[in-house]
Structure formats: C-alpha cells, structure tokens
Amino acid sequence: MYSEKVMDHFQNPRNVGEIENASGVGTVGNAKCGDIMRMYLDIDENGVIRDCKFKTFGCGAAVATSSMATELVMGKTVQEALQVTNKAVMEALDGLPPVKVHCSLLAEEAIHAALWDYAQKHNMKIEGLKKPVSDISEHEEAEDEEY
Amino acid sequence: MSRFVYLDNAATTKTKPEVVEAMLPYFTEKFGNPSAIYDFAGQSKSGVTTAREQIAAVIGAKASDIYFTAGGSEADNWALKATAEFYGNKGKHIITTAIEHHAILHTADYLEKNGFEVTYLPVDENGIIRLGDLEAAIRPDTILISVMFANNEIGSVQPIKEIGAIAKKHGILFHTDAVQAYAHVPINVDEMNIDMLSASGHKFNGPKGIGFLYIRKGVKIRSFIHGGAQERKRRAGTENVPGIVGMGKAAELAAASMEERIQYETELRDYLVDQVMTRIPFTRVNGHRTHRLPNNANFSFQFIEGESLLIMLDMAGICGSSGSACTSGSLDPSHVLLAIGLPHEIAHGSLRLTLSEETTKDDIDYVVENLVKIVERLRSMSPLYEDYVKKASEKK
Chain A
1 MYSEKVMDHF QNPRNVGEIE NASGVGTVGN AKCGDIMRMY LDIDENGVIR
51 DCKFKTFGCG AAVATSSMAT ELVMGKTVQE ALQVTNKAVM EALDGLPPVK
101 VHCSLLAEEA IHAALWDYAQ KHNMKIEGLK KPVSDISEHE EAEDEEY
Chain B
1 MSRFVYLDNA ATTKTKPEVV EAMLPYFTEK FGNPSAIYDF AGQSKSGVTT
51 AREQIAAVIG AKASDIYFTA GGSEADNWAL KATAEFYGNK GKHIITTAIE
101 HHAILHTADY LEKNGFEVTY LPVDENGIIR LGDLEAAIRP DTILISVMFA
151 NNEIGSVQPI KEIGAIAKKH GILFHTDAVQ AYAHVPINVD EMNIDMLSAS
201 GHKFNGPKGI GFLYIRKGVK IRSFIHGGAQ ERKRRAGTEN VPGIVGMGKA
251 AELAAASMEE RIQYETELRD YLVDQVMTRI PFTRVNGHRT HRLPNNANFS
301 FQFIEGESLL IMLDMAGICG SSGSACTSGS LDPSHVLLAI GLPHEIAHGS
351 LRLTLSEETT KDDIDYVVEN LVKIVERLRS MSPLYEDYVK KASEKK
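Protein chains in written order, with our numbering: chain A, 1 to 147; chain B, 1 to 396.
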C-alpha cells in the first residue's frame with residue numbers, strides 16, 4: 001500500500017529525536033485520532049535551519065512524512081521552509097494512499113507550528129505564516145457515502 | 001527475512017490439506033448440480049447431505065436446521081433482517097451489543113433506518129455483557145436478542161447459556177454470531193437455547209465463501225436470497241458443493257481435535273501473555289483473562305500506534321492485526337476497544353495475535369523478541385512517551 005520511499009523513511013526515519021534548547025518546537029495532531037507530530041528546529045542567527053528533529057506517534061505514513069519533512073527543511077531559510085507544503089512532502093515520497101494524505105498535512109502543520117514557536121520566542125513576525133491550527137483532523141473527517 | 005509466523009487466525013485460517021483433498025473431486029468429477037434428477041448428480045447431493053450432518057453434529061443440532069450461506073456476514077444479515085421482516089408485526093425492538101461484528105452492527109443500523117428500535121447493550125471492562133442490563137432492556141415488543149458468542153477482537157466469550165435462558169423465559173428469539181466460536185469452543189444449541197447461529201467455514205480451517213445459518217425448527221424466518229428451491233426453499237442459488245463439502249470436513253476435523261486444541265492453544269497463549277506482560281512495560285491485556293477464546297491475545301501498548309507496529313512486525317515476517325484507526329480506514333479506533341472503556345490513544349496502540357494449533361513455542365519466543373524491540377523503538381520515536389518520561393522525572 002505504501003511506496004518504496006515511504007517504506008524507506010518509515011524503516012529508517014531520518015532525524016528522529018529531540019533538540020535541547022531548540023529555537024522552535026511545534027506539536028500538532030491529537031492522540032484521539034492517532035497522530036501526533038512534534039518538530040524541533042535549531043535556527044541560526046541568519047535564519048537558516050541548522051538542525052531539525054522530530055518525534056511522531058502515528059501510522060507508517062505519519063512517520064515517513066515527518067522524516068521527509070525534516071529532510072526538506074534542513075539547511076533552508078525560514079522563508080524557504082515555509083514553502084515546504086504537504087504536496088512537496090507527498091511528491092518527495094512518491095505519493096501517499098488517499099486515506100493518508102492528512103499525514104502530509106500534519107507534517108506541513110508541524111513545521112509551521114515550530115516556526116510559529118520560533119517567531120514567538122524571538123518576538124518576530126514571519127511573513128506568510130499563520131498561527132497553526134493544532135488539530136487539523138477536526139476538519140479532516142470525510143463523510144462516507146451511504147448505500 | 002525468511003521466517004514467517006502467522007498469528008492472525010481470527011482473520012482467516014489455512015485451509016487444511018485434508019479439507020482441500022475432500023473438496024477436489026467435487027470440481028472435476030462429482031460436479032453435477034445437486035438439484036438434477038439423474039443418478040450422476042446424486043454424488044453431489046450426498047456430499048452436501050454428509051456435510052450438513054457433520055456441521056450439525058458439532059453443535060448438537062438437527063441436520064435439517066442447517067442452511068448454507070456464502071459466509072458469516074450473509075448468515076448475520078439473514079438472521080436479523082428476516083426476523084425483523086417476519087416478526088415485525090409482533091414488535092419493533094431488537095437487543096444486541098455494542099461489541100458485535102459489523103455484519104450485525106451495520107445490519108442493525110439498517111433496521112433502525114427502517115422503523116426498528118435497537119438497544120446496544122454495553123459491556124464491562126472485560127468485554128462481557130451484564131445479564132441485568134439484558135433483563136432490563138427487554139420490552140413487550142422485543143422480538144430478537146442477538147449476542148455474539150465470542151468477540152473477534154478481544155476474544156471475550158459471552159454467558160450464552162444464561163442469555164439463552166433469559167430469552168426463552170421471555171419468549172424472545174435468540175440469535176448468536178458464532179463465527180469466532182464455532183468449532184473452537186463447545187456449543188450446544190439445545191442446552192444454550194440458541195434459536196439461530198451464524199458461522200463461517202474459513203474461520204476453522206475450511207474454505208472461504210461458505211458459511212451457514214442454523215435455524216431452529218419453528219423459527220419462521222423466510223428466504224433472504226430469492227430464486228430456486230434450494231435449501232428447502234429458504235436460500236436460493238445452486239449449492240457451493242465443494243465449499244460445503246470442505247466446510248463439513250473442516251467441522252468434523254475441528255470437532256474431533258477440539259479438546260486438545262483448546263488445551264494446547266490456551267497454554268501457549270497464556271505463555272505469550274505472560275512473556276509480553278513481563279517484558280514490555282506500560283502494556284495491558286484486553287478482554288477477559290479466562291472467559292475468552294483459547295487462541296486470542298489482545299494487547300494495548302501505551303504511547304505507540306498500531307499500524308506502525310503491524311508494519312514492523314510484518315518486516316519480521318509476523319502477521320497480526322490491530323484495532324487502530326489507521327487499519328480501519330476511519331479516524332476512530334475499534335468500537336470494541338472503546339466499548340471496554342479504553343481511551344482513544346490506548347485503543348490506537350492495540351495488537352491482536354491469534355494462534356493456531358500449528359503455532360509453536362518457538363514461534364512465540366520469536367514474536368516476543370521482536371515485539372520487545374519494536375515497541376521500544378516506536379516508543380523512542382513517540383512524543384507521548386517523551387512527555388511521559390519528562391513528567392515522571394519532574395515528579396522525582
């Protein structure tokens with residue numbers, strides 16, 4: 001059901017862990033729906049992401065999207081990291097099954113949440129960054145068709 | 001990874017070679033239509049007759065009360081919908097439980113949309129209904145009580161004999177979905193006052209696509225599949241003769257070995273549970289410790305999610321199943337785990353392992369070794385575990 005890339009990132013997740021005194025930390029999702037992602041960012045004085053780590057409670061796709069998201073933002077500026085969309089994460093993973101698309105949204109959200117935390121801590125405003133909704137699954141549930 | 005350990009026998013079982021052997025002649029040699037008049041068809045007909053007797057014998061039923069269906073879901077649908085149809089003028093109330101298989105729950109839901117009222121009995125923390133709740137739910141217009149014999153996820157076995165006695169006392173029909181229990185634990189339809197019983201061939205080493213509904217003589221439910229006069233005009237369609245013969249053989253074999261299988265599987269299952277509980281912290285066993293199917297073990301591992309666990313087990317060649325949302329295609333974890341009172345996040349981290357008589361102690365040791373490592377690895381990645389550890393160290 002998963003692509004080779006997803007399986008690779010699930011089996012060998014990149015950048016798992018925590019960053020002590022991180023510049024920004026974001027946690028999104030909720031345990032009720034079975035997905036929680038926490039993203040740690042270490043950002044230098046030039047606004048470049050030096051390090052990025054994650055921890056995830058969730059399915060194979062949730063782990064793989066978190067892992068891929070950390071790879072995609074690593075070494076990027078805050079502005080560039082903001083451009084890492086769920087679509088970019090999915091493409092980098094060679095796609096996700098339709099029921100797992102919400103995992104990629106959660107990964108995007110996790111980056112935004114960590115950036116938001118960074119901005120709050122540094123009393124700054126990041127152009128184009130909105131306060132992330134902590135629980136995206138609330139408006140995720142699609143009504144099943146009844147027969 | 002060359003090792004393969006199949007611990008998903010509640011999902012389906014291996015068709016026994018003896019069963020396949022019994023079926024084979026009914027494809028290429030004895031392929032006649034049992035309804036035909038010529039002598040050649042008599043061979044198929046007698047194959048069906050023998051199977052009906054083999055199947056009835058396992059539950060102390062009359063062969064003439066066994067009706068073949070395409071599986072357990074059809075049997076469940078038939079029992080509920082046809083009871084509602086025939087007895088609907090007597091009453092519109094049905095009692096079932098919150099932990100039934102979807103073949104019952106979704107059928108009950110369908111009936112609710114068509115003018116019936118359904119009471120879903122809650123279960124206790126072990127997944128067993130309270131007889132007092134059942135008594136209290138009975139109304140003058142109750143026409144059917146449908147309670148599963150044993151639960152497919154957590155293995156809890158219901159007090160069927162007591163439920164049957166209550167149903168009889170009130171003159172209400174009693175149906176049981178025995179898909180997980182038939183040929184696995186002793187059942188007697190007379191002693192237990194069972195009026196209807198559903199079962200499925202592939203859950204006891206028979207073929208897939210065949211099952212039956214036991215309908216006690218005198219229960220007036222009508223045909224669900226209309227057409228020809230097969231199954232005494234109650235279930236149309238040319239008989240699945242090889243399937244029926246295979247299910248009959250499987251029933252006979254399973255009944256003959258039931259006692260020793262129960263003992264063997266119970267011991268091995270208890271060993272698995274002990275090992276897991278001793279070696280993996282923050283783990284709970286779901287379902288009743290003793291009133292449960294001999295081959296069923298169900299765990300919840302705190303701080304981790306079931307699908308990840310299943311994929312990692314699969315990578316080690318181990319087949320299991322989970323009640324996590326990700327495995328069900330919805331956002332909610334299993335209704336059974338929620339019904340026994342588990343919080344969502346713990347229900348998401350569940351694992352069901354169901355053994356067979358072919359499972360060895362060596363298999364269990366291999367599974368436990370892998371499970372210990374996998375749970376540890378997933379916890380090391382879990383933000384929930386991180387929070388827990390931080391909180392615990394703050395307390396110190």
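Hints in this document: simulated from the structure, not taken from any laboratory. A hint or two may mislead.
Unchecked claim - SDA-like, lysine to any residue: derived pairs with alpha carbons at most 20 Å apart:
1. B:K391 x A:A22
2. B:K161 x B:D133
3. A:K87 x A:M7
4. A:K53 x A:A88
5. B:K30 x B:A56
6. A:K53 x B:T49
7. A:K32 x B:K30
8. B:K390 x A:V16
Hint by hint, here is what the structure shows:
no.: 1; hint: B:K391 x A:A22; verdict: holds, 19 Å
no.: 2; hint: B:K161 x B:D133; verdict: holds, 16 Å
no.: 3; hint: A:K87 x A:M7; verdict: holds, 18 Å
no.: 4; hint: A:K53 x A:A88; verdict: holds, 18 Å
no.: 5; hint: B:K30 x B:A56; verdict: violated, 23 Å
no.: 6; hint: A:K53 x B:T49; verdict: violated, 66 Å
no.: 7; hint: A:K32 x B:K30; verdict: violated, 55 Å
no.: 8; hint: B:K390 x A:V16; verdict: holds, 17 Å
Hint check: violations occur at hints 5, 6 and 7; the rest are consistent with the structure.
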